[in-house]
Amino acid sequence: MKNFFKLFNIEEKFNIDLVDLESKYLNFQNLHHPDKTSNKSLKKSLDFNEGYQVLNDDFLRACHLLQLQDIDILNDEKALKPDKSMLMEILELQEHVEQITQKNAIEIFQKNLKNTITDLINDFNHYYTHQEYKVAGQFLVKAKYLKKTLADLKIKKQKLL
Amino acid sequence: MSILQIQEPVDISNNSDPSETIIGIDLGTTNSIVGAVLNNKVKLFSDEFNRDIFPSIVNFDDQGQIISVAKNDKCFLSISSVKRLIGKNFDDIKQQKILAKKYLPQIAKNCQNQDSVSLQIAEKNYTAIEISAEILKFLKKIAENNLQKPVKKAVISVPAYFDEQAKNATKQSAQLAGLEVVRLINEPTASALAYGLDNNSQGTFVVYDLGGGTFDVSILKIVNGVFRVLGVSGDNHLGGDDFDHLLEEYGFKNPRLAKETLSLKPQYLEEHLKISKEDFEKLIYDKILKTVKICENLLEDLDIDINQLNGIILVGGSSRIPLIKKLLKKSFGDKILTNIDPDRVVAIGACHQAYNLSGNSKNLLLDVNPLSLGIEMMGGIVDKIIYRNSTIPISKTKEFTTYADNQTGMKIHIVQGEGEFVKDCRSLGEFEIKNIPAMIAGLAQVAITFNLDADGLLTVSAIEKITKSTAKIVIKPSFSLSEEQIKEMLLKSLKNSKEDIQLRILTQTIVDANQDLAIIKKDLKNNKLKINSKLKKLLQEKIADLEFLINEKKDKDLIAQCKDQLIEIAQPLILQKVNQTISNQVVGKKIDNF
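Chain order of the listed sequences is A and E.
Mapping of the first sequence onto this note's numbering: position 102 corresponds to residue 102, and the numbering continues sequentially without gaps.
Mapping of the second sequence onto this note's numbering: position 91 corresponds to residue 91, and the numbering continues sequentially without gaps.
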């Protein structure tokens with residue numbers, strides 16, 4: 001498992017300085033991008049692109065922290081099974097989303113969902129810092145489903161326009 | 001005519017000879033421009049008439065011989081806008097109303113449905129690639145006259161929507177003209193590069209590029225000389241030609257003149273037909289609104305707030321229509337940047353990128369891939385490996401396992417698109433990994449790697465971890481989905497989204513149940529395990545129940561419940577097996593080795 005925190009030489013924790021991350025990323029690319037170096041190996045440029053994509057996104061960064069604890073909810077469906085009540089909740093939410101047709105209502109719903117996801121990630125961070133990785137992971141699994149719903153809403157809204 | 005002198009492609013790593021001048025070319029539909037960076041400044045090259053913008057026209061005599069390029073000469077036949085035909089086949093032309101009207105009369109009679117288009121001019125046939133090459137030869141000559149030395153390499157701008165065929169055709173044209181293409185640069189990206197460097201700007205910019213036939217939008221962030229594309233979008237069939245078409249339907253014989261006049265004056269008069277600016281704006285309102293919505297959607301996709309935008313750069317001749325500024329201002333506020341020349345900005349950007357790639361510059365351009373890439377999973381689900389708008393070059397590896405016991409091969413089907421199911425995406429190709437050693441389902445590990453290089457070329461490779469058996473495929477994704485196809489795909493995925501999640505859960509439940517079933521059925525046949533007849537009967541009954549439910553493919557809860565019951569009943573079996581495995585491993589081993 002790659003450790004992107006090590007790659008960027010930053011501390012392995014959830015709250016990081018995104019401005020510092022961006023400037024590090026751009027500096028690295030200036031040195032290692034195939035357009036800037038005669039070195040034929042793409043490896044470094046690839047790693048920095050992937051690493052930046054992960055660390056720059058709250059949800060993906062949280063998932064990466066869990067990956068480093070051997071719980072990979074992004075790639076391994078069985079890493080943490082969502083409990084049934086959570087799945088039911090998601091299905092109900094999906095049904096609710098189906099009924100929304102007004103642009104304004106969609107936007108309010110999107111905003112609420114985004115806030116909920118932020119809360120879930122904060123909850124994750126709380127348990128993560130207390131090293132309760134499996135509990136922390138459950139919050140991320142839920143966030144993963146909500147992000148899917150959010151994506152559906154976006155498509156729905158764009159269709160309205 | 002002996003123009004066919006094809007050069008072998010030169011290794012790109014040899015490009016960094018700082019004394020060699022790489023030229024930048026805007027090979028436009030209507031006009032073309034050529035230049036280079038000299039003494040740290042962009043210089044656009046002029047001809048003997050002091051022009052630095054050249055009409056993309058090739059003139060022929062009545063024998064079908066080329067008599068001149070880039071001149072409005074009176075002649076037997078002039079071919080313009082050949083860029084519209086680049087990389088297209090006969091079917092493509094027939095399907096597009098505006099193209100068909102203009103070009104069908106000239107298309108060679110022997111041209112079939114899937115053939116790339118060739119034009120019949122008097123007694124001779126020309127492909128679009130050959131005609132385009134004539135323009136490039138002309139531009140190369142202009143550059144050589146200005147530089148007083150031979151020119152071999154160029155950066156050429158292409159529309160962001162250009163598919164792999166059109167890009168390859170552009171490269172072939174350049175080869176015919178004796179030019180090696182160091183990089184094809186997307187036009188909106190070139191514009192941002194030009195704007196950013198000439199104004200020494202920093203921040204986040206939208207490039208709104210409305211040309212004759214297409215609409216492109218890009219969002220870029222410029223920080224300390226690094227130009228990072230955050231995302232791209234657009235519509236392949238929306239441009240100034242559509243406005244001409246609407247004016248033509250209104251009754252005007254010279255729609256182009258009408259359009260240009262109405263951008264400057266309150267009305268246009270042709271014989272007895274009159275149209276006011278207001279009526280013209282009503283006519284084109286829906287189309288312009290659509291472009292603004294595409295911009296808004298892209299911002300939302302990238303999670304960028306309007307307040308974070310530093311400016312909107314308008315590019316392309318059609319962006320001169322005042323209604324565009326009006327609607328953009330309404331949506332994004334007064335951030336429109338007008339201190340650039342929309343006709344020359346793409347060429348200036350191409351020159352800058354040519355200079356960047358000659359190893360002289362401190363600037364860097366980071367581009368993205370426009371559509372998600374993934375592979376097909378059991379049940380026709382798409383597992384996305386590289387998401388759209390990811391910065392390239394990028395590489396992603398994911399591990400997969402076998403689905404059945406003793407499965408020795410795995411077919412890897414690569415798809416492109418945003419849909420959740422394979423049927424909603426576009427197939428790019430497939431390959432097979434063989435010689436996986438026979439073992440229990442779920443034990444084999446196959447790592448699949450997607451590599452997307454700086455030119456957007458995709459390579460997919462797979463390795464089976466135990467035998468190191470490998471397979472590899474190189475794919476050129478052709479980003480040629482039309483707006484209609486994209487819209488259709490989005491609509492479909494919306495309609496299915498509820499069905500999707502339920503179907504997904506059902507599919508997953510069945511996959512899980514089948515795996516457990518296979519294990520328990522195997523254990524039943526394993527004579528090393530002690531199973532009393534009562535337990536055996538119970539298990540067989542439950543297995544039959546579960547198999548019935550799985551075949552029914554209806555109720556995920558019942559399947560899951562039945563599977564859990566089966567596992568419950570099989571518990572003594574599983575325990576026995578675990579104990580045996582452990583004792584097998586312990587036997588003959590020193591305690592230190594644990």
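These are computed hints drawn from the structure, not numbers from a lab.
Careful, some of the hints might be misleading.
Among the chain A residues that face chain E by a calculated CB cut under 8 Å, a handful are [claimed, not checked]:
#1 32
#2 33
#3 42
Here are the simulated lysine-lysine pairs, BS3-like style, with alpha carbons at most 30 Å apart [to be verified]:
#4 A/78 to E/171
#5 E/43 to A/81
#6 E/265 to A/13
#7 A/36 to E/41
#8 E/71 to E/149
#9 A/36 to E/149
#10 A/78 to E/330
#11 E/330 to A/159
#12 A/81 to A/159
#13 A/78 to E/556
#14 E/521 to E/556
#15 E/398 to A/144
#16 E/521 to A/84
#17 E/265 to E/102
#18 A/103 to E/149
#19 E/124 to E/43
#20 A/2 to A/43
#21 A/84 to E/554
#22 A/147 to E/396
#23 A/84 to E/398
#24 A/154 to E/325
#25 A/2 to E/411
#26 E/434 to A/2
#27 A/13 to A/114
#28 E/325 to A/103
#29 E/525 to E/577
#30 A/134 to A/13
#31 E/521 to A/36
#32 E/577 to A/78
#33 E/290 to A/159
#34 E/149 to E/41
#35 E/362 to A/6
#36 A/144 to E/384
#37 E/434 to A/156
Quick caveat, the model's predicted, so the values are computed rather than measured.
Positions of the beta carbon are idealized from the N, C-alpha and C atoms, including for glycine.
| Looking back at the numbered hints, which does the structure fail to meet, lowest number first? | 1, 4, 5, 6, 10, 12, 18, 19, 31, 37
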